[in-house]
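Asker: What follows is the residue order along each chain.
2 protein chains.
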Amino acid sequence: MQIAIVLFDRFTALDAVGPYETLGRLPDARTVFVAERTGPVRTDTGALAITADRTLDEVPSPDIVVVPGGPGQTPQMENGTLLEWLRTADATSTWTTSVCTGSLLLAAAGLLRGRRATSHWLALDHLRRYGAEPTGERVVTDGKYVTAAGVSSGIDMGLTLLGRIAGDEHAQAVQLLTEYDPQPPYDAGSPRKAPAHLVEEFRSKSRFTLTQTR
Amino acid sequence: MQIAIVLFDRFTALDAVGPYETLGRLPDARTVFVAERTGPVRTDTGALAITADRTLDEVPSPDIVVVPGGPGQTPQMENGTLLEWLRTADATSTWTTSVCTGSLLLAAAGLLRGRRATSHWLALDHLRRYGAEPTGERVVTDGKYVTAAGVSSGIDMGLTLLGRIAGDEHAQAVQLLTEYDPQPPYDAGSPRKAPAHLVEEFRSKSRFTLTQTR
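For the record, the sequence lines run as chains U and X. Note that full-length UniProt numbering has the first sequence beginning at 1, numbered continuously upward. Note that full-length UniProt numbering has the second sequence beginning at 1, numbered continuously upward.
To be clear, the hints were calculated from the coordinates, so they are not data collected in a lab. Zero decoy hints are in this set.
Note that the list lumps identical chains together, so a pair holds whenever it fits in one copy or between two copies.
Computed cross-link-like contacts, EDC-like style, restricted to lysine to aspartate or glutamate with a CA-CA straight-line distance of at most 16 Å: (1) Lys144 to Asp90; (2) Lys144 to Asp63; (3) Lys193 to Asp168.
Just need the whole structure built from these sequences, with the hints factored in.
Answerer: What follows is the structure, given as structure tokens:
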């Protein structure tokens, strides 16, 4: 089963690595990192580069598509090459998935019309303009489309889909081997739980940024 | 503040990316991925490569050292160049940290003698032979040494240390932006919680492997 994880400049590393480390442990998985060009692709901080081993063209029909998000997602919304690849790959994929603002790319490719989907909490409302129905859930499955919330939620998405494909026991084994027994030192991981002034601060910054890039 | 994340062949990606995505969000962080040679370094699955941007020699005195683990840790236990670099870097570091079996490398470098430390649950006992005192906790701080349990625990370690250095509010902001509100679909992330037969299966495989490599 071929899993294609899409890279683009200024993606967020954990968006891609969460599903890689969980879903990528499918018994017969052949995971491949793809981008428009092969070679190192830098993340949003600039401090990390993951190698794209294949071009999009070289991987036209993966079984599973994984699209991460990150600040670099915004310019990709107008990248016809990527959006066209997503539509083509989706035509034959078994599962089409995203983490964080990766769902906005699926939506911009026209793949989430009329579907329930999620995204980073700051980007959730933007799904509507592409005809998707945003939900605040962490992992949303609608047909073959599996979208995850912000950044770290790709781990939960990966395990969920792994269980669905390979069975609960295999997914539990992967959870055990990755020792995924989360014990965050704070309880601030969602806008419902974090200090209200932090949520408000990021919401106002985000409104500004999103307005500017519209 | 310079953060050096050490790479070596067949490291586990999430071990490195968890701290990168959390601790690396320190306000003045300059994170750099280092290895014996620059260029792409492949993970344990072979499907992912992260670029080492600097050689160990080029980064002799980082403020924070982060050592991931993974299957590739075993041959590194006899890599004098890496162990010597760890000792030298540790001489001036503010924090020396590890995720997963990365703690065995710190231990082999002689840095954990008489200290409480943790590691991947399958490797925990091996800390003893280097004079460290293993504990089953997820994140262990002893002086300037912060060790984390298996793979995904580097996220909790990163947030913990981030809070310690930059304050609780900054760490909470990073938790909110990475939407780290874990909702694993199973509760099998530690040997105390996973199905007993899975734990036993991995323990017997591991005894064999570890015996062989002794």
